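Enquirer: In case you want the letters, here they are:
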Amino acid sequence: MTAPTKRPLSPHLTIWKWGPHMLVSILHRLTGNALSIAGLALLTWWLLAIAEGGSAYADVVNAASHPVGLLVLVGLTWAFWQHFFSGLRHLVMDTGSGLELKINKLFSVLTVAAALFATALTWFFLIGVNR
Amino acid sequence: MSTGTSATPLGKVRGLGPSGNGGAHWIEERFAAVALVPLSLWLIFSLIMLPDMAQRTLAEWLRAPSAAVPMALFIVAAFKHALDGTKVLIDDYAHDEGNRVGLHYVSAGAALVGAALSLFALAKIAFGAA
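Going down the list, the sequences are from chains A and B.
The opening residue of the first sequence carries number 1 in our numbering; numbering runs sequentially from there.
The opening residue of the second sequence carries number 1 in our numbering; numbering runs sequentially from there.
There may be inaccurate statements among the hints.
Unchecked claim - Here are the computed lysine to aspartate or glutamate pairs in the EDC-like style, where the Cα-Cα straight-line distance is at most 20 angstroms:
#, chain 1, residue 1, chain 2, residue 2
1, A, Lys105, A, Asp94
2, B, Lys124, A, Asp94
3, B, Lys124, B, Asp92
4, B, Lys87, B, Glu28
5, A, Lys6, B, Asp96
6, B, Lys87, B, Glu97
Unchecked claim - Derived DEER-like restraints, expressed as beta-carbon distance ranges:
#, chain 1, residue 1, chain 2, residue 2, range
7, B, Phe127, A, Phe125, 27 to 37 angstroms
8, B, Pro51, A, Leu101, 47 to 57 angstroms
9, B, Leu73, A, Met93, 20 to 30 angstroms
10, A, Val61, B, Val106, 29 to 39 angstroms
11, A, Ser55, B, Ala123, 13 to 23 angstroms
12, A, Pro11, B, Ala123, 30 to 40 angstroms
13, A, Ala38, B, Ile27, 43 to 53 angstroms
14, B, Asp92, A, Phe124, 34 to 44 angstroms
15, A, Asn62, B, Leu73, 25 to 35 angstroms
16, A, Ile15, B, Phe127, 42 to 52 angstroms
17, B, Asp92, A, Thr14, 34 to 44 angstroms
18, B, Gly109, A, Val61, 23 to 33 angstroms
19, B, Asn99, A, Phe117, 31 to 41 angstroms
It should be emphasised that the hints constitute simulated quantities derived from the structure, not laboratory data.
None of the values given here were measured: they were computed from a predicted structure.
Ideal Cβ placement from N, Cα and C applies to all residues, glycine included.
Build out the structure end to end from the sequences listed, making use of the hints.
Expert: Put into structure tokens, the structure is as follows:
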């Protein structure tokens with residue numbers, strides 16, 4: 001697709017008042033791509049390290065217990081739950097439901113709240129059960 | 001949904017968006033997405049239920065078919081869904097056709113290599129070599 005020359009652009013990011021639906025839309029894209037790149041790279045590394053054992057797995061444990069590593073893992077857990085709940089919202093909207101202003105706004109806010117809650121719960125159980 | 005021979009305005013524009021095709025691909029994208037709902041929940045709950053994250057614990061867990069098979073399904077669905085997602089990102093933001101095609105090769109290559117490595121590692125664990 002060649003870039004059109006000197007055609008007027010429609011009003012974009014600067015002109016709209018931010019709403020929860022816009023936040024959730026961009027979060028869905030950001031979290032999805034973060035999970036695709038960082039999440040799946042880490043999954044692959046993790047599986048290879050389990051297969052290899054020994055010092056290869058020790059490297060994973062060291063990275064995961066480093067504060068930065070832990071922050072990345074908690075961040076990806078949140079990204080997963082946000083993408084999970086906003087993904088469910090998209091599947092509902094794919095059927096043509098939940099597009100009315102009020103219900104759409106409510107579902108958007110709910111995905112953010114549910115993701116934060118599920119992230120906290122996941123780490124509560126991970127730490128609680130594993131230590 | 002094909003371009004068809006519809007006489008309605010909607011029927012005529014179907015499949016003529018920026019990607020050049022539409023309905024069938026849109027539906028196909030949803031298979032991996034829907035599959036990941038139970039599969040990703042299974043993975044999170046399984047990890048929570050494990051007594052610890054030691055290599056031996058994880059290898060023993062993945063040696064059982066009840067974990068190895070859903071993990072294989074998760075790997076395939078996750079890499080497919082990641083490829084579906086990054087494709088949209090590239091189509092939306094890489095405007096130059098050369099860059100766009102190049103990036104599609106990079107993301108498809110990365111997804112295939114990642115999936116192959118993950119499945120290889122899983123097989124090695126599942127068949128008891130780890």
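Enquirer: Taking the hints in turn, state whether each one holds.
Expert: Hints versus structure:
| no. | hint | result |
| --- | --- | --- |
| 1 | Lys105/A / Asp94/A | holds, 16 angstroms |
| 2 | Lys124/B / Asp94/A | violated, 39 angstroms |
| 3 | Lys124/B / Asp92/B | violated, 39 angstroms |
| 4 | Lys87/B / Glu28/B | holds, 14 angstroms |
| 5 | Lys6/A / Asp96/B | holds, 17 angstroms |
| 6 | Lys87/B / Glu97/B | holds, 13 angstroms |
| 7 | Phe127/B / Phe125/A: 27 to 37 angstroms | holds, 30 angstroms |
| 8 | Pro51/B / Leu101/A: 47 to 57 angstroms | holds, 48 angstroms |
| 9 | Leu73/B / Met93/A: 20 to 30 angstroms | holds, 26 angstroms |
| 10 | Val61/A / Val106/B: 29 to 39 angstroms | holds, 31 angstroms |
| 11 | Ser55/A / Ala123/B: 13 to 23 angstroms | holds, 22 angstroms |
| 12 | Pro11/A / Ala123/B: 30 to 40 angstroms | violated, 53 angstroms |
| 13 | Ala38/A / Ile27/B: 43 to 53 angstroms | violated, 28 angstroms |
| 14 | Asp92/B / Phe124/A: 34 to 44 angstroms | holds, 37 angstroms |
| 15 | Asn62/A / Leu73/B: 25 to 35 angstroms | holds, 30 angstroms |
| 16 | Ile15/A / Phe127/B: 42 to 52 angstroms | violated, 58 angstroms |
| 17 | Asp92/B / Thr14/A: 34 to 44 angstroms | violated, 18 angstroms |
| 18 | Gly109/B / Val61/A: 23 to 33 angstroms | holds, 30 angstroms |
| 19 | Asn99/B / Phe117/A: 31 to 41 angstroms | holds, 40 angstroms |
Hints 2, 3, 12, 13, 16 and 17 from the earlier list are contradicted by this structure; the remaining hints agree with it.
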